[in-house]
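**Q** Here's the letter readout for the chains.
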Amino acid sequence: MSVFLSVENINLTYQTPEGETQAVKDVSFTVREGEFISIVGPSGCGKSSLLSCIAGVTLPTKGRIMLEGRRINGISNDAGYMLQSDNLMPWRNIYKNAVLGLEIQKKLTDENISYVRELLKKYGLWEFRNSYPASLSGGMRQRVALIRTLAVRPRLLLLDEAFSALDYQTRVNVGRDVYNILRSEKQTMIMVTHDIPEAVSMSDRVIVLSQRPAVIAKTVEIPFGAQRDTVAVRNTQQYRDCYDIVWKEMSM
Amino acid sequence: MNNTIYTRQQYLEIIRKEKNTVRLVQVMLVVVFLAAWEIAAYTGVIDAFIVSSPSRMVSTFFLMAQSDLAVHILYTVGETIVGFTIGVVLGFFMAVGLWYSDFVSRVAAPFLVVTNSLPKIALGPVIIVWVGAGISAIITMAVAISLIVTVMELSHGFYATDKNMMVTVQSFGADKWQIFQKVVMPYNIPVLFQSLKVNIGLSLVGVIAGEFLVSKAGLGYLIVYAGQVFKMDLVMMSVVLLGFIAFLMYSAVSGLEKLAVKIINHI
Numbered sequence: 001m002s003v004f005l006s007v008e009n010i011n012l013t014y015q016t017p018e019g020e021t022q023a024v025k026d027v028s029f030t031v032r033e034g035e036f037i038s039i040v041g042p043s044g045c046g047k048s049s050l051l052s053c054i055a056g057v058t059l060p061t062k063g064r065i066m067l068e069g070r071r072i073n074g075i076s077n078d079a080g081y082m083l084q085s086d087n088l089m090p091w092r093n094i095y096k097n098a099v100l101g102l103e104i105q106k107k108l109t110d111e112n113i114s115y116v117r118e119l120l121k122k123y124g125l126w127e128f129r130n131s132y133p134a135s136l137s138g139g140m141r142q143r144v145a146l147i148r149t150l151a152v153r154p155r156l157l158l159l160d161e162a163f164s165a166l167d168y169q170t171r172v173n174v175g176r177d178v179y180n181i182l183r184s185e186k187q188t189m190i191m192v193t194h195d196i197p198e199a200v201s202m203s204d205r206v207i208v209l210s211q212r213p214a215v216i217a218k219t220v221e222i223p224f225g226a227q228r229d230t231v232a233v234r235n236t237q238q239y240r241d242c243y244d245i246v247w248k249e250m251s252m
Numbered sequence: 001m002n003n004t005i006y007t008r009q010q011y012l013e014i015i016r017k018e019k020n021t022v023r024l025v026q027v028m029l030v031v032v033f034l035a036a037w038e039i040a041a042y043t044g045v046i047d048a049f050i051v052s053s054p055s056r057m058v059s060t061f062f063l064m065a066q067s068d069l070a071v072h073i074l075y076t077v078g079e080t081i082v083g084f085t086i087g088v089v090l091g092f093f094m095a096v097g098l099w100y101s102d103f104v105s106r107v108a109a110p111f112l113v114v115t116n117s118l119p120k121i122a123l124g125p126v127i128i129v130w131v132g133a134g135i136s137a138i139i140t141m142a143v144a145i146s147l148i149v150t151v152m153e154l155s156h157g158f159y160a161t162d163k164n165m166m167v168t169v170q171s172f173g174a175d176k177w178q179i180f181q182k183v184v185m186p187y188n189i190p191v192l193f194q195s196l197k198v199n200i201g202l203s204l205v206g207v208i209a210g211e212f213l214v215s216k217a218g219l220g221y222l223i224v225y226a227g228q229v230f231k232m233d234l235v236m237m238s239v240v241l242l243g244f245i246a247f248l249m250y251s252a253v254s255g256l257e258k259l260a261v262k263i264i265n266h267i
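So the protein sequences, as listed, match chains L and F. Each residue of the first sequence is one higher than the last, beginning at 1 in this note's numbering. Each residue of the second sequence is one higher than the last, beginning at 1 in this note's numbering.
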């Protein structure tokens with residue numbers, strides 16, 4: 001498969017009145033369409049900064065990011081960005097939350113609305129469409145947030161510690177839900193996490209970053225294939241081997 | 001008290017009883033206070049000519065009610081509502097402006113702090129000279145007192161809006177106005193009402209202060225006039241009436257808040 005996304009020699013330096021901080025240094029990698037990538041690294045290493053460059057929220061100091069041959073230089077509708085916790089608006093019902101992105105982009109067409117309805121039905125939220133976020137479980141809320149992101153049909157999904165606000169059990173289950181939904185919608189995903197089990201169980205490749213300024217310390221191929229159960233794989237020897245490699249790399 | 005609650009019924013019963021007890025004690029406090037006041041005045045322990053008494057206030061009220069008390073109340077309430085509305089609307093737009101432009105907000109910050117701490121009543125003579133002695137001066141005073149507080153409180157709320165929610169709409173490409181519309185405004189409905197509740201009281205303060213300075217009608221006028229001619233019954237009655245009015249207006253805003261939060265915010 002050809003290159004879908006290419007991150008080329010990304011450098012990111014932050015300027016503050018106190019001085020400058022280099023967050024990311026010469027990071028390059030490519031992603032194929034439909035691939036799931038995890039970026040892990042010690043906390044504060046600049047992995048979130050890297051993701052916000054790919055999202056176009058931050059512009060890199062040096063280097064470029066190409067998505068399907070087009071250069072990312074600003075917020076575009078190509079990338080769907082999901083942040084820590086679901087960020088649903090408590091004053092909007094589930095349906096209204098799901099169409100928020102379409103509303104902002106003024107794309108509330110019949111076609112897009114029926115796509116949202118279809119997603120809500122497919123992922124068990126249709127009967128809750130008139131409920132408010134406060135009455136839903138953490139897992140359901142995360143699914144709504146995902147549908148809100150998918151509704152605008154992004155080419156690429158970016159998850160920044162998207163599950164870290166959830167308790168352990170919900171987190172594992174939501175991870176499986178999100179994995180299955182994204183695979184069945186044939187999405188390409190890059191996620192940033194500090195949770196090694198999450199990275200190994202949910203992706204095709206794990207990119208380990210070093211301490212700040214972040215450089216790629218190692219790339220680990222995960223051999224589970226697309227049709228996997230992200231909970232069940234955690235009991236395999238291959239999982240433990242991958243986990244150990246990532247763990248060792250991060251501890252260095 | 002036993003902390004173990006056995007049934008739902010028992011629990012509700014305890015809640016109800018506690019609520020009733022609080023209410024009962026509140027009523028009793030008022031009754032005891034009024035009775036003590038009345039008895040002290042009746043027996044001559046205190047001078048009713050100086051401190052009035054509940055019965056004298058009641059008879060003054062009925063006497064005044066037959067003449068022009070309603071007009072005075074109408075003036076004060078009307079001026080307060082107009083001043084409150086102008087202060088809130090103006091303050092809201094100023095706060096939106098400050099939120100919209102970081103530069104303007106940073107430039108304005110020290111001026112806001114100074115204006116906020118300035119006792120607005122000191123502006124009384126200036127206001128009279130500038131807008132004329134009359135209702136407009138009273139309303140201007142009410143606005144002067146409530147405006148800056150609204151601006152400060154609202155812009156504080158706008159700045160404290162959940163950052164992640166804002167980034168979420170931004171990631172969909174929302175412009176600044178859309179961020180305000182979709183996140184900042186609905187997020188700050190409780191803050192808005194909090195400031196309304198403070199402001200209705202402040203506007204009343206402004207109106208009374210204004211009426212003290214220039215007026216031909218209103219409860220503030222009544223208090224000043226009655227004080228000068230030593231009609232303490234009328235002064236005290238007007239003060240009590242003001243208390244009632246303040247309470248009623250606050251309750252109206254508070255009721256509106258409950259309604260709005262229910263309809264808009266679903267919290």
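Mixed in with the good hints, there may be bad ones.
[Stated by the list, open to error] Cβ pair distances, simulated, as ranges:
1. F:Ala246 x L:Asn180: 55 to 61 Å
2. L:Glu20 x F:Val104: 24 to 30 Å
3. L:Arg71 x F:Ala252: 56 to 62 Å
4. L:Gly69 x F:Gly255: 58 to 64 Å
5. L:Glu221 x F:Ile263: 40 to 46 Å
6. F:Val104 x L:Lys62: 56 to 62 Å
7. L:Pro90 x F:Glu18: 28 to 34 Å
8. L:Glu68 x F:Tyr250: 30 to 36 Å
9. F:Ala252 x L:Asn130: 27 to 33 Å
10. L:Gln84 x F:Ile121: 58 to 64 Å
11. F:Ala246 x L:Thr109: 48 to 54 Å
If you're looking for bench data, these hints aren't it; they were derived computationally from the structure. Yeah, the Cβ is synthetic: ideal placement off N, Cα and C, and Gly gets one too.
**Q** The structure should be examined with respect to each hint, and the outcome stated for every one.
**A** Structure-based check of each hint:
A hinted range of 55 to 61 Å holds for the C-beta pair Ala246 of chain F and Asn180 of chain L, which are about 59 Å apart. In this structure the supplied range 24 to 30 Å holds for Glu20 of chain L paired with Val104 of chain F, their Cβ-Cβ distance being about 28 Å. Remark: the range hint 56 to 62 Å for Arg71 of chain L to Ala252 of chain F is upheld by a beta-carbon distance near 57 Å. About 59 Å separates the C-beta atoms of Gly69 of chain L and Gly255 of chain F, a value consistent with the hinted range of 58 to 64 Å.
The hint said 40 to 46 Å for the Cβ distance between Glu221 of chain L and Ile263 of chain F, and at roughly 53 Å that hint is violated. One distance hint, 56 to 62 Å for the beta-carbon pair Val104 of chain F and Lys62 of chain L, is violated here, with the actual separation near 34 Å. Range check, Pro90 of chain L to Glu18 of chain F: about 30 Å between beta-carbon atoms, so the 28 to 34 Å window is met. For Glu68 of chain L and Tyr250 of chain F, the Cβ-Cβ distance of about 60 Å falls outside the hinted range of 30 to 36 Å, so the restraint is violated.
Separation of Ala252 of chain F from Asn130 of chain L is about 31 Å and conforms to the stated range, judged on CB atoms against 27 to 33 Å. Hint check: Gln84 of chain L to Ile121 of chain F, Cβ distance near 49 Å, so the stated range 58 to 64 Å is violated. Checked against the given bound of 48 to 54 Å, the beta carbons of Ala246 of chain F and Thr109 of chain L, roughly 52 Å apart, stay inside it.
In summary, the numbered hints that this structure violates are 5, 6, 8, 10.
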